[in-house]
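Enquirer: Residue-level listing of the chains:
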Amino acid sequence: GQNIDQPTEMTATEGAIVQINCTYQTSGFNGLFWYQQHAGEAPTFLSYNVLDGLEEKGRFSSFLSRSKGYSYLLLKELQMKDSASYLCAVRDNTNAGKSTFGDGTTLTVKP
Amino acid sequence: KAGVTQTPRYLIKTRGQQVTLSCSPISGHRSVSWYQQTPGQGLQFLFEYFSETQRNKGNFPGRFSGRQFSNSRSEMNVSTLELGDSALYLCASSLEGSSAEAFFGQGTRLTVV
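The listed protein sequences correspond, in order, to chains A and B. Note that the numbering used here gives residue 72 to position 72 of the first sequence, counting from 1, and the numbers run on in steps of one. Note that the numbering used here gives residue 31 to position 31 of the second sequence, counting from 1, and the numbers run on in steps of one.
Rather than coming from a laboratory, the hints here were simulated on the basis of the structure. Ideal placement from N, C-alpha and C gives every residue a C-beta, glycine not left out. Treat the hints with care, as some may be off.
Stated by the list, open to error - Listed next, with one range per pair, are the computed distances between beta-carbon atoms:
(1) 57/B to 9/A: 25 to 33 angstroms
(2) 70/B to 13/A: 46 to 54 angstroms
(3) 5/B to 38/A: 18 to 26 angstroms
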């Protein structure tokens, strides 16, 4: 089975940098996704990591360490519109197509 | 290219009734997954269909069922509704492959009274 942990809430200031951590335990790791979900809307894809290291995509970066069962999402130059829930999801290789989601981290960006 | 379409968007049912929700995936996507989202439980995996076959199933009671048609459209059914079934039901479609991200529909907000 899988177990995914993320902080429930975080607050940061506009223009700052914030790091959202995700730890996981899985019987067979096959990729980690980050999604953003604004209130009342569907989750949207942000990033995918399957190998160790940092993936950068504009203001957002995602890091993975498979040996530590750990990932983080880094958001730079925070904007008010970044206030949302950030979901970490792990896909396991024993159940093709199944992704298990964490409960999400609600980020509030303040002026 | 059209996104994932879920119908209806909102639904109110009474306890004991049954409900059917529909999901039309992005054209060319053969994998369709269903999730239940509640404030206290986050996104909980219900099941995943691929080429009309249920490939994965989450830990939900047998009252929750689904199917997929040859055009990849999927339906999920909940029988004997309970108050605790009130939630946002999200459908996601993806291409085959471990790196394929999921594209979510807007969801169906089900309220059981």
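Enquirer: State for each hint whether it applies.
Expert: Structure-based check of each hint:
Checked against the hint of 25 to 33 angstroms, the C-beta distance between residue 57/B and residue 9/A comes to roughly 31 angstroms, which is consistent with it. Between residue 70/B and residue 13/A the Cβ separation comes to about 52 angstroms, which falls inside the hinted range of 46 to 54 angstroms. At roughly 19 angstroms, the beta-carbon separation of residue 5/B and residue 38/A lies within the given 18 to 26 angstroms, and the hint holds.
This entry satisfies every hint, going by the numbered hints stated previously.
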